[in-house]
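Colleague: Please take these sequences and the hints and turn them into a complete structure.
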Amino acid sequence: MNGFKEILLSFTIAFASLMWLARINEELKTRQRFQPAPEPAAVSGYSDDPEMKLPPPTRPAGQKPVVVALIDTGCDINHPDLRSNIWVNAGETGLDEDGNPKASNGIDDDGNGFVDDVHGWNFVTDSPELMDEHGHGTHIAGIVGAANGFAPQVSLMILKYFDEGNNGGQNLRYTVEAIRYATRMGANIINYSGGGILRSSEEEAALAEAAAHGILVVAAAGNEGMNSDFFHFYPANYNLPNILSVTAVDQDGRLMDSSNFGRATVDLAPGAQHLFNPA
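Heads up: the sequence shown begins at 2 in the working numbering, then just goes up one per residue.
A few of these clues could be false.
Computed Cβ-Cβ distance ranges for the label pairs, DEER-style [to be verified]:
| id | residue 1 | residue 2 | range |
| --- | --- | --- | --- |
| 1 | S105 | F231 | 44 to 54 Å |
| 2 | D230 | G95 | 23 to 33 Å |
| 3 | E203 | P242 | 11 to 21 Å |
Please keep in mind that the hints were generated in silico from the structure rather than gathered at the bench. All C-beta atoms, glycine included, are put in the ideal place defined by N, C-alpha and C.
Modeller: Dropping the structure here:
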């Protein structure tokens, strides 16, 4: 069966994949899930698909890194192809007045309300522990900012919002908190591979604040295979100037069956066999 089209009829789906569903309390009026990651087509390197017309990856000398906040399932920040591109919060580095490393002294050294948030924050556990038990976030990190990937000049701010044990309302709340953190901490771009079919005024307000700070938000169009002009998917469908909605095409440039489409979906990205995460 076409599971994506059938489950769209229910407002109680929290997470959808080809393998399983997780449901939320319908009273919460929200649904959160993320894009299923395609199987990696290679263990390292990057796609040289001529249809994408991307230049070879370079790291221009002296260029300030672009800070991309990844709101996802966490990340393996020690992966050899990622660790050099993980964002560092300067306010939590160096030594404190007692000679202890700020990164692990248990003190909010920069006064932003988060203790030892050197590389980002885990909003699920309210801690700086960013390890990705799911794998989706590390996969996306490899696409966005692997050292040998498309954009080696990227600095990845890791913001963990998703936990399979949480309901959709909790995941949405953590998403909003992550958006606000990214805005406060100076991200240039927010990448969010999740979303839901019901609108959230709080999420929309947080994204509007990001827009006021000039932050681009790259949002997933959704995987229901539906016309998003009629079946809205948020945050991709918020009417905000900073949202770039991305859907997926196959290796021949055709829209994938599971991909949402519509006037709000203006950009295409290879979603099968072309983009891959570090091994």
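Colleague: Quick check on a hinted range of 11 to 21 Å for E203 and P242, using CB atoms only.
Modeller: Between E203 and P242, where Cβ atoms are some 19 Å apart, the hint holds.
Colleague: Range hint 44 to 54 Å: satisfied by the CB atoms of S105 and F231?
Modeller: Holds, since S105 and F231 (Cβ atoms, about 51 Å apart) stay within the stated range.
Colleague: Is it true that D230 and G95 lie within 23 to 33 Å of each other by Cβ?
Modeller: Violated, at about 51 Å.
Against the hints set out earlier in the document, a violation occurs for number 2 only.
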